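Visitor: Each chain, letter by letter, is given below.
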Amino acid sequence: MEKFNILTSIAMPLDRANVDTDAIIPKQFLKSIKRSGFGPNLFDQWRYLDEGQPGMDNLKRPLNNDFVLNKPEYQGAKILVAKKNFGCGSSREHAPWALEDYGFRVIVAPSFADIFYNNCFKNGILPVILSESEVEDIFSIIANNSAEKMIINLPNQSIQFADKSFKFDLDEFRKFCLLEGLDEIGLTLEQSDKIKAFETKAKQNTPWLF
Amino acid sequence: MSESKTLYDKLWEQHLVTDNDDGSSLIYINRHLIHEVTSPQAFEGLRLANRNLWRVNANLATPDHNVPTTDRGKGIADPISKLQVDTLDQNCDNFGVQEFKMSDIRQGIVHVVGPEQGAILPGMTVVCGDSHTSTHGALGCLAFGIGTSEVEHVMATQCLVQKKSKNMLVEVTGKLSSGVTAKDVVLSVIGKIGTAGGTGYAIEFAGDVISDLSIEGRMTMSNMAIEAGARAGMMAVDDKTIEYIRGKDFAPSGDILESAIEHWETLKSDEGAVFDAHIVIEGESIKPQVTWGTSPEMTIAIDELIPDPDNENDEVKKTSIINALKYMGLEANQAINSVSVDVVFIGSCTNSRIEDLRAAAKVAEGKQVADSIKQAIVVPGSGLVKQQAEQEGLDQVFIKAGFEWREPGCSMCLAMNADKLEAGERCASTSNRNFEGRQGQGGRTHLVSPAMAAAAAVTGHFVDVNQI
Ligand code: SF4
Numbered sequence: 002m003e004k005f006n007i008l009t010s011i012a013m014p015l016d017r018a019n020v021d022t023d024a025i026i027p028k029q030f031l032k033s034i035k036r037s038g039f040g041p042n043l044f045d046q047w048r049y050l051d052e053g054q055p056g057m058d059n060l061k062r063p064l065n066n067d068f069v070l071n072k073p074e075y076q077g078a079k080i081l082v083a084k085k086n087f088g089c090g091s092s093r094e095h096a097p098w099a100l101e102d103y104g105f106r107v108i109v110a111p112s113f114a115d116i117f118y119n120n121c122f123k124n125g126i127l128p129v130i131l132s133e134s135e136v137e138d139i140f141s142i143i144a145n146n147s148a149e150k151m152i153i154n155l156p157n158q159s160i161q162f163a164d165k166s167f168k169f170d171l172d173e174f175r176k177f178c179l180l181e182g183l184d185e186i187g188l189t190l191e192q193s194d195k196i197k198a199f200e201t202k203a204k205q206n207t208p209w210l211f
Numbered sequence: 027m028s029e030s031k032t033l034y035d036k037l038w039e040q041h042l043v044t045d046n047d048d049g050s051s052l053i054y055i056n057r058h059l060i061h062e063v064t065s066p067q068a069f070e071g072l073r074l075a076n077r078n079l080w081r082v083n084a085n086l087a088t089p090d091h092n093v094p095t096t097d098r099g100k101g102i103a104d105p106i107s108k109l110q111v112d113t114l115d116q117n118c119d120n121f122g123v124q125e126f127k128m129s130d131i132r133q134g135i136v137h138v139v140g141p142e143q144g145a146i147l148p149g150m151t152v153v154c155g156d157s158h159t160s161t162h163g164a165l166g167c168l169a170f171g172i173g174t175s176e177v178e179h180v181m182a183t184q185c186l187v188q189k190k191s192k193n194m195l196v197e198v199t200g201k202l203s204s205g206v207t208a209k210d211v212v213l214s215v216i217g218k219i220g221t222a223g224g225t226g227y228a229i230e231f232a233g234d235v236i237s238d239l240s241i242e243g244r245m246t247m248s249n250m251a252i253e254a255g256a257r258a259g260m261m262a263v264d265d266k267t268i269e270y271i272r273g274k275d276f277a278p279s280g281d282i283l284e285s286a287i288e289h290w291e292t293l294k295s296d297e298g299a300v301f302d303a304h305i306v307i308e309g310e311s312i313k314p315q316v317t318w319g320t321s322p323e324m325t326i327a328i329d330e331l332i333p334d335p336d337n338e339n340d341e342v343k344k345t346s347i348i349n350a351l352k353y354m355g356l357e358a359n360q361a362i363n364s365v366s367v368d369v370v371f372i373g374s375c376t377n378s379r380i381e382d383l384r385a386a387a388k389v390a391e392g393k394q395v396a397d398s399i400k401q402a403i404v405v406p407g408s409g410l411v412k413q414q415a416e417q418e419g420l421d422q423v424f425i426k427a428g429f430e431w432r433e434p435g436c437s438m439c440l441a442m443n444a445d446k447l448e449a450g451e452r453c454a455s456t457s458n459r460n461f462e463g464r465q466g467q468g469g470r471t472h473l474v475s476p477a478m479a480a481a482a483a484v485t486g487h488f489v490d491v492n493q494i
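As given, the protein sequences belong to chains Y and C, one line each in that order.
All letters in the first sequence, in the order written, are residues 2 to 211 by my numbering.
All letters in the second sequence, in the order written, are residues 27 to 494 by my numbering.
Treat each hint with caution, since some may be false.
What the hints assert, rightly or not - No more than 25 angstroms apart at the CA atoms, straight line, and that leaves these computed lysine-lysine pairs for BS3-like:
hint, chain 1, residue 1, chain 2, residue 2
1, Y, K176, C, K190
2, C, K190, Y, K202
3, Y, K61, Y, K72
Note that these hints are calculated values from the structure, not bench results.
In this text, all values refer to a predicted model and were calculated from it rather than measured experimentally.
Turn these sequences into a full structure, and let the hints guide you.
Guide: Encoded structure:
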């Protein structure tokens, strides 16, 4: 996993609440057996005018020019800003894979669905929760100047955007893993002895579970 | 009574391997269910890192999302679906995981198959790369959906890094009126607390209505806990739970069963246990439900009118209503029972068990699917459910009424196989999600109970099942 420290980028405003994972990456793309290559189909239903299918040449598909992802001023954004309950719906990890593959490394919203929030960290994406009014502030800054750069400082858990600065909360362990680009399985396997001890005891007390 | 614990507290403690310094915990997982969509990348990850399964027999697999529900003899037509199912077969063979393959009578929707086999026992932690894993909480388990990285994590370590959720008690008191089912109860709960109402909580469903429900009815409810935002929904163990387990293939027997039962009987919240949130719904107040919009919380009773955005003060909600009405092709203030239906789907991990099929068949018996209905399909949750239904003659009831009788799988619940809605088609569906495009691009989904779906099929529109 790529390490995360300080990120500077323009921010793309997605002015919608309850963006569900079906919208982030429609189910027909879940059929892939790989982890990569989902970026061109991120927000497929909103982004293109036709119905997307795996294997299509996405460069030849008609674009929905009203959708923010297709606006020239937001190309190259690594930060996505959205309204509350982002990532609700199915637990598909293809959603963060698609966001990451497209190039987003940070999602800012007033709230996230639980599973999606967890899945972000596992894929090197930082989900930032700010208050509704702070998110509104960000939307107005972008509306004034779409070229404004946002600075996300993970070590300090702070955001600097135009003349505003925000602080965000973050679990220490998750922060540590993002900063170090650490693989969670390796971390857990370091506790193998404890897992084995747990199993030995559980086999005695609840043998029907084994 | 500081010692009083909730069911969730007990399940959590019994599976706690260790607390990490940062407030997260390592939780031991007893059962991992696997299907073809979320597992290939996890198996790929294991292989790449040269890791093996920690405890092979904790895993149980079956293909469900992509399997065809007609004529299995021809195999899977869509090459991508076929690749996923073949990849699952190969991975299970290579890693030694027990799998009910497509040709096995025990194959079916993973959340139907697990409990049916007795592979889910009270007191277990159960996970699967699928959000409707909450289903298994009905048996007194801590069960929740996980993402693919976590699938790989469980495979490699038999554990997950988790944070404890808060406790929510949803109490459904009294009795249900005629025609009201578990599906209507859970839709009402979601309508009341909203799709994010349970976020951060583990929900325990309790109350007289829950005790009166069968285990299958309880599974319908816990299945949809995730639609209220809660990762896990659960019910206390009672005599019905134990009877349900007894005699199943994977279940213990003899002396081990006796000591298991002793343990299972403790799997309930203690008197005086404290919940962070407590919601009470009167059973009598619940009527048969139909969702009208594009989120499960957009639900109304069959005798109600579709909401009017002008009556909504909250701007976000108002916009959601306007968007949903537009997508669904509905008018504000329209009576839901005047809305006609094109397609009827009876199936999914919410409502494809034998009792669901019985309830639908009871309504359909001796009647005909309305001429205006383009397609009405019944998709049993597993090969064994199908076999049972056929022994009871339910297949013939459906076929005579004009329904199609299919092979088991997820089918039209999410349209990953050949069963899909066309754009603009309106479906009365017993599944659990009515998001935009869920059953096919542009398709319009209305969530209902199996009896209500059958009633819509035979009348051509939504109607109170009590009036049939
Ligand atoms: S039936 Fe639907 S909700 Fe259930 S596992 Fe299959 S696709 Fe998911």
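Visitor: Compare the structure with each hint and give your call.
Guide: A quick look at each hint next to the structure:
1. Y:K176 <-> C:K190: holds, 18 angstroms
2. C:K190 <-> Y:K202: Answer holds: K190 of chain C to K202 of chain Y is near 22 angstroms, not above 25 angstroms.
3. Y:K61 <-> Y:K72: At roughly 17 angstroms apart (the allowed maximum being 25 angstroms), K72 of chain Y and K61 of chain Y satisfy the hint.
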